[in-house]
Structure formats: structure tokens, C-alpha cells
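Line order of the protein sequences matches chains A and B. Taking our numbering, I'd label the letters of the first sequence as residues 1458 to 1549. Taking our numbering, I'd label the letters of the second sequence as residues 8 to 192.
By construction, these hints were calculated from the structure, which means they are not laboratory data. Fair warning: there could be bad hints in the mix.
[Said to hold, decoys possible] Each computed DSS-like pair below joins lysine-lysine, with the alpha-carbon atoms no more than 30 Å apart: (1) B:Lys-52 x A:Lys-1520; (2) A:Lys-1466 x B:Lys-50; (3) A:Lys-1520 x B:Lys-50; (4) B:Lys-57 x B:Lys-45; (5) A:Lys-1544 x B:Lys-52; (6) A:Lys-1541 x B:Lys-50; (7) A:Lys-1544 x B:Lys-57; (8) A:Lys-1520 x B:Lys-45; (9) A:Lys-1544 x A:Lys-1520; (10) B:Lys-57 x A:Lys-1520; (11) A:Lys-1491 x B:Lys-50; (12) A:Lys-1491 x B:Lys-45.
[Said to hold, decoys possible] Pair ranges (Cβ atoms, derived): (13) A:Val-1547 x B:Ala-187: 24 to 32 Å; (14) A:Met-1542 x B:Ile-192: 45 to 53 Å; (15) A:Ser-1510 x B:Val-79: 16 to 24 Å; (16) A:Ser-1483 x B:Ala-110: 18 to 26 Å; (17) B:Arg-53 x A:Ile-1472: 41 to 49 Å; (18) A:Leu-1481 x B:Arg-53: 20 to 28 Å; (19) B:Gly-55 x A:Leu-1469: 52 to 60 Å; (20) A:Leu-1481 x B:Lys-52: 18 to 26 Å.
Backbone N, C-alpha and C fix where the C-beta goes; we use that ideal spot for every residue, glycine too.
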Amino acid sequence: MLDPTDLLKLLLPLIGGILLGYLLRSKAQLKLDKLTFVIIIALIFSLGFGIGSNNELLGSLPKVGLSSLVISLLAIFFSVFFVKMAKRMVKF
Amino acid sequence: MNENSWNLIPGNLVSDNLFSISLILLLFVMGFSFGLDKEAMVKLKRTGTKILVLPFLVALGSLLGGLLGGLVLHIDIVGSMAVSAGYAWYTLAGPLIGQLFGAEFGVLGFATNFLRELFTIVAIPLIFRFDRHAPVASGGASTMDTTLPVIVRYCGSDMLITAFSNGFILTLMAPFTIIALASLI
């Protein structure tokens, strides 16, 4: 379940970053793309590492492979579809 | 599943810490580029409160996908809908659905939502071409943390608030939706 302290841990760096960026607006023109990319790689790597190091999880994945693929793709498809349809009716 | 200070992913201490640090750093950098962007607030005001509808559309779409998936695969429809009600939050979906629907659905819940998050990250350039908001819809509850960085990178920093609030609302909805479905068995 989502823990209030988890949310705080996510919100604080986000808000802190926004504030700092706003304050440094006229002064900073950083190229953050490369830095972002590196951190994303680290994030994805740690996700994979965590999954890979958990034998229980890995063993169970092949059994439900096809079913999970079908359901996840259908869920994604209709989520995207509904959003796209709504955008056509209402401007956002 | 192992306990970690984030309760977001299973894993050992190394990956937990790397994950935590990467996430904090990323959110900071995301926020920073959003704060720097002079256009961001203008774009944000333009989207307004209508953007709060997005998570509910995603929830509906996910549930419909789960329903159809259950029909196609000839498995219990309530179970498959509960699986899709994880909205990509696999560390909740796995254990909770396992508790309420049995181990098989628990594993399915884990795998399905994990695949959803993974697909969003990996296929984001394709998804983005379909629609600007499509990655946010695809990512579901994960758009508040794990898929937030890739979404901001591909969709622009003005997507930050949209993605975060979408993920946040779906994160709140996921456990309630799953438990509500469990009462229908």
C-alpha cells in the first residue's frame, strides 16, 4: 500500500527541483538530456537487477507468459484508445 | 517479496538503494527542468483541470482490456479485470491479487502489470507517435515514478504534472478497484 512517507520521498525532490529551476531561470541554461539519460539507465538497470535477483519471480513468469501479454496489451490498448477518443471530443 | 524503504519493487539491498537514489535524483532533475522551462507554466495553464479526467479514462480502458482478455483467454473475468486494475503497479497487484484470487492470479497480476510498465518504457517512441498523451495512458500508475522520467524525456517537460497526477490518482485507485472486484467472486 502507498505509504505517506513514500509519497513525501517522491514529492520532495520533485518540488525541490522545480523551485531550484525556477529560481535559476534567468541564470541557468543546462543541457540536462545526457544526465537524465544516464540516470534513466541506472533506474532501469536497478529494476532489472532487482527482478533478476529474485528467483521466485523469475520462475513464475514463463507460466503465465501468454496470458499476461494478452491482458497487458489489451489494457494498454484500451487505455490509450479511451484517452485518444476523449481528446477528440474535448480539447486537452 | 523483499521489504525495501520504497515498497515499490522487490529486490536486494544493492538494487533497492540504486533504485531509490536514481529515482530521487531523477525527480529532482525533472523538477529542475520543469522549473527552468519558461513555457511550462503556460502549457500547464492551457491544459487545466481537464487533465484530471485522464486517470479515470485509463482505469476504464484497463478494466475493459481485462474483461476482454479474460473472455479471449477463457479465464475468470473478475480475476482478469482485477489483474488489469493494477494499472501497472506490479508490486501491489501481485501480492494483493494473490491473496484475494489465489496464487495463479497473483502471478498473473504480477507479470501482467510488470509487462505493462516494461512495455511503456521500451516502446515509448512508438506509443508517443500515436498520441502525445498515449505514454501516460499506457504507463498507468507507474507514471508517477518509474515511467515518469521516460515520459518527460519523450513527451516534454510540460507533461510532468500530467504524468505525476495521473500516476498518483491511479495509485490510489488500484487497491480499491482490486478489492471491490474481489467482492464480486
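Here is what the structure says about each hint:
1. B:Lys-52 x A:Lys-1520: violated, 47 Å
2. A:Lys-1466 x B:Lys-50: holds, 26 Å
3. A:Lys-1520 x B:Lys-50: violated, 45 Å
4. B:Lys-57 x B:Lys-45: Within the cut-off at roughly 22 Å; holds.
5. A:Lys-1544 x B:Lys-52: Roughly 17 Å separates the two Cα atoms, so the pair holds.
6. A:Lys-1541 x B:Lys-50: Cα-Cα ~19 Å, so holds.
7. A:Lys-1544 x B:Lys-57: Roughly 10 Å separates the two Cα atoms, so the pair holds.
8. A:Lys-1520 x B:Lys-45: violated, 50 Å
9. A:Lys-1544 x A:Lys-1520: Judged against 30 Å, a Cα distance of about 38 Å means the pair is violated.
10. B:Lys-57 x A:Lys-1520: violated, 41 Å
11. A:Lys-1491 x B:Lys-50: holds, 24 Å
12. A:Lys-1491 x B:Lys-45: holds, 21 Å
13. A:Val-1547 x B:Ala-187: 24 to 32 Å: Roughly 27 Å apart at Cβ, these two residues keep to the hinted range, so it holds.
14. A:Met-1542 x B:Ile-192: 45 to 53 Å: violated, 31 Å
15. A:Ser-1510 x B:Val-79: 16 to 24 Å: Cβ of Ser-1510 (chain A) to Cβ of Val-79 (chain B): about 34 Å, so the range 16 to 24 Å is violated.
16. A:Ser-1483 x B:Ala-110: 18 to 26 Å: Hint violated: Cβ distance 58 Å, outside 18 to 26 Å.
17. B:Arg-53 x A:Ile-1472: 41 to 49 Å: violated, 22 Å
18. A:Leu-1481 x B:Arg-53: 20 to 28 Å: holds, 24 Å
19. B:Gly-55 x A:Leu-1469: 52 to 60 Å: Between Gly-55 (chain B) and Leu-1469 (chain A), where Cβ atoms are some 26 Å apart, the hint is violated.
20. A:Leu-1481 x B:Lys-52: 18 to 26 Å: holds, 22 Å
Of the numbered hints listed earlier, those contradicted by the structure are 1, 3, 8, 9, 10, 14, 15, 16, 17, 19.
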